[in-house]
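Trainee: Listed here are the chains, written in short residue letters.
Number of protein chains: 2
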Amino acid sequence: MKNLIIASTSTIHGSGYLDYLLDELSEFYKNVENIMFIPYARPSGISHDDYTKKAKEAFLKINKNVKGIHEFANPIEAIQSAEAIFTGGGNTFVLLYQLYKNQLIEPLKKVVQNGTLYLGTSAGSNICGLTINTTNDMPIVYPPSFKSLGIVPFNINPHYLDPIPNNPHMGETRETRIQEFHHFNTQPVVGLREGSWLRVEGESIILKGELSARIFEYNKAPFEVESNTELNRLK
Amino acid sequence: MKNLIIASTSTIHGSGYLDYLLDELSEFYKNVENIMFIPYARPSGISHDDYTKKAKEAFLKINKNVKGIHEFANPIEAIQSAEAIFTGGGNTFVLLYQLYKNQLIEPLKKVVQNGTLYLGTSAGSNICGLTINTTNDMPIVYPPSFKSLGIVPFNINPHYLDPIPNNPHMGETRETRIQEFHHFNTQPVVGLREGSWLRVEGESIILKGELSARIFEYNKAPFEVESNTELNRLK
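Chains as they are written, first to last, in our numbering: chain A, 922 to 1156; chain B, 922 to 1156.
Just chain A, same shape as in the assembly (with noise of 0.2 Å):
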């Protein structure tokens, strides 16, 4: 049975790294002693090492040992032996790059879908809809496709973000780009606001946090959804 956490962001404003989640990650991880951390993503360029090095201080707090993935002779049999997964946030398409790079794409999906535990933030949270074509990075590197895990049957845009009133910027917003994604694509897309997370059991998904999240559907005019509310229906 799929079991995830799916959250928008790692951190919220004023508060330190995952302190947010920690309440929730401990009711998760309860039965588990061991995270595997994938830090492919690399925000600001960090190495894997220096980005695992601050996973390991967090779920210290919860008293879980995080392992990186890099630090595993064989990252395929490392994914196929974890008792949970953590993906952090970054950049998407580094991220992505990267598991295909290691041919981990598939061995990542069947263990998830079989019931890993996962916990994605931002990035993370991102490779487990059906494509990245709705990340808010900067693509900085060339992914041999934008198919990501669809462990989810929508896209995520996490770190959803209103538009600003009198903003002087020219660029679009992040409704305006992610309607523009639906004049090529059909699936719907969830826009996660930072504090928000998914949580999946099963067929079960349901928004968790205290924020409300914003719904695209393909050829429908976006809405908001209350925290508490089963998304399951969404496809």
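In case anyone wonders, no lab produced these hints; they're calculated from the structure. Among these hints, one or two may not hold up.
Footprint (simulated), chain B over chain A, 3 or more residues, beta carbon under 8 Å [unchecked claim]: (1) 960 to 966; (2) 1033 to 1042.
Computed Cβ-Cβ distance ranges for the label pairs, DEER-style [to be verified]: (3) B:E992 / A:E992: 51 to 61 Å; (4) B:N1087 / A:E1138: 28 to 38 Å; (5) B:H934 / A:S968: 56 to 66 Å.
Every value quoted in this text rests on a predicted model; they were computed, and no experiment measured them. Quick reminder that beta carbons are idealized off the backbone N, C-alpha and C, glycines included.
Please arrange chain B on chain A, whose structure you already have, making use of the hints.
Mentor: For chain B alone, coordinates are given in the frame of chain A:
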């Protein structure tokens, strides 16, 4: 001899489409009657016809005729016989995808290298760089490559945006994104603020408009260059 205007944006806050550039364009296009418009970037997903109509209305103010590339039976021949070309903004991935699909990259590169007047705004400017790896756009379609025209020997980041002080949103700043780009790529990036443009004449590349631009070079601290600075040493 190359002869281009590579503009950050088509529109600055509080004024109409292309208004801030019209004096410059009147001079740029003074020996030209007809401009071929490339509407492929489809901002907000608008049709090629509607987008061309918008460009047509703007250029009527300086007595130029505009015809969309999609109105020609053969787009390669249309590029080869154009007096002048304007590529509008929108989504850079959609624009590049369509240029590849219609096999226009090489023909477009060739005529621009040989002196056909070229105006780009936003996405239409982005493709003048070496690659589109520094676009701000959402990757709503998957182009066969991120390589673009390479008319200038660096990358462009249009709509360059300074960090917003005390922003509670945890997404990366533009500067962070471009620095992440330099973990995987070595070419310089020119951050062009809205209202700025590059005037390219032969080997000369000069920053125009009232604002400074932010330059990012591999393994160097980013720095500002003032308007009217020659940028041809960047490569």
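Trainee: Hint by hint, note whether the structure agrees.
Mentor: Right, here's what the structure says about each hint:
1. 960 to 966: With 4 residues closer than 8 Å to chain B, the region 960 to 966 of chain A meets the three-residue bar; holds.
2. 1033 to 1042: Answer violated; 0 residues pass the 8 Å Cβ test.
3. B:E992 / A:E992: 51 to 61 Å: Because 59 Å falls inside the window, the suggested range holds.
4. B:N1087 / A:E1138: 28 to 38 Å: Cβ of N1087 of chain B to Cβ of E1138 of chain A: about 35 Å, so the range 28 to 38 Å holds.
5. B:H934 / A:S968: 56 to 66 Å: Given a distance of about 40 Å, which is not inside 56 to 66 Å, the answer is violated.
Checked against the numbered hints given earlier, this structure breaks hints 2 and 5; the rest are met.
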